[in-house]
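Taking the hints into account, I'd like the entire structure generated from these sequences.
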Amino acid sequence: MHPSVHARSNPDKAAIIVAETGEAISYGELDAASNRAAQLFRSHGLGHEDVVAFMLDNTPHYYGLTWGAQRAGLRYVCISSRLTQDETDYILENSGAQILIVSASLAGAAQQLTTGIKRFAMGGDIPGYASWEDAVGAMPATPVADERAGVDMLYSSGTTGRPKGVRVPLPEDPAIDATNSLVMLASAVFQINADSIYLSPAPLYHAA
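Residue numbers (my numbering): 1 to 208.
Among these hints, one or two may not hold up.
[As the list claims (entries may be wrong)] In silico DMTMM-like pairs for lysine to aspartate or glutamate, Cα to Cα no more than 25 Å straight-line:
| no. | residue 1 | residue 2 |
| --- | --- | --- |
| 1 | K13 | E23 |
| 2 | K118 | D146 |
| 3 | K118 | E23 |
| 4 | K164 | E87 |
| 5 | K13 | E133 |
| 6 | K118 | D152 |
| 7 | K164 | D152 |
| 8 | K118 | D89 |
| 9 | K118 | D134 |
| 10 | K164 | E23 |
| 11 | K13 | E49 |
[Claimed, not checked] The following label-pair restraints were derived from C-beta to C-beta distances:
| no. | residue 1 | residue 2 | range |
| --- | --- | --- | --- |
| 12 | A130 | S187 | 22 to 32 Å |
| 13 | I17 | H206 | 11 to 21 Å |
| 14 | Q111 | S181 | 39 to 49 Å |
If you're looking for bench data, these hints aren't it; they were derived computationally from the structure. Cβ atoms here follow ideal geometry from the backbone N, Cα and C, with glycine treated the same way.
Okay, structure coming up:
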């Protein structure tokens with residue numbers, strides 16, 4: 001079920017909880033964050049099928065970006081923080097990403113990148129990067145006028161050469177809250193519903 005649905009029916013319910021610290025983000029907060037992200041992407045000229053990239057550590061604010069890209073009809077690339085500078089630059093160029101958002105904790109790796117695109121730092125400062133928090137804070141927390149469902153763009157780990165991208169079409173159903181096959185499978189096999197809690201043990205950039 002799309003977070004916006006929960007935000008309308010139960011905005012104060014926790015959408016994300018960091019097990020280590022107990023930090024929580026409610027569905028209402030997630031909905032607002034994703035709307036602001038979508039608005040910022042639009043303000044920089046990104047339209048349906050354009051690409052945005054994220055290179056982040058495990059932060060609960062990751063989800064505001066991915067859902068923001070999803071509801072803006074973008075393709076979003078989640079880049080492993082363990083890749084080399086050459087591999088990361090290759091993915092940015094190969095994917096056609098127009099915006100890169102990086103965790104400030106990865107400043108060392110971020111400053112080595114050479115791809116010439118708009119860059120934002122999240123959670124602190126990186127020389128040459130604009131502040132994500134300052135930029136997105138100026139955006140309205142309302143949906144963009146032309147919402148449509150976007151999709152992730154996965155890259156292989158590159159163990160046998162360059163990382164390889166998987167570019168799939170945007171969903172046929174443009175509704176951002178349309179049920180997809182993965183959700184249907186999880187509901188049928190694992191009886192997952194709106195009250196289920198999922199533990200994500202993998203890095204958030206990981207396809208798993």
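Now the hints, each set against the structure:
1. K13 <-> E23: OK: K13 and E23 at ~13 Å, within 25 Å.
2. K118 <-> D146: 22 Å, holds
3. K118 <-> E23: This hinted pair is violated, its Cα atoms lying about 30 Å apart.
4. K164 <-> E87: 10 Å, holds
5. K13 <-> E133: 24 Å, holds
6. K118 <-> D152: 19 Å, holds
7. K164 <-> D152: 14 Å, holds
8. K118 <-> D89: 13 Å, holds
9. K118 <-> D134: 15 Å, holds
10. K164 <-> E23: 35 Å, violated
11. K13 <-> E49: 31 Å, violated
12. A130 <-> S187: 22 to 32 Å: 40 Å, violated
13. I17 <-> H206: 11 to 21 Å: Between I17 and H206, where Cβ atoms are some 19 Å apart, the hint holds.
14. Q111 <-> S181: 39 to 49 Å: About 40 Å separates the Cβ atoms of Q111 and S181, which means 39 to 49 Å holds.
Of the numbered hints stated above, those contradicted by the structure are hints 3, 10, 11 and 12, listed in ascending order.
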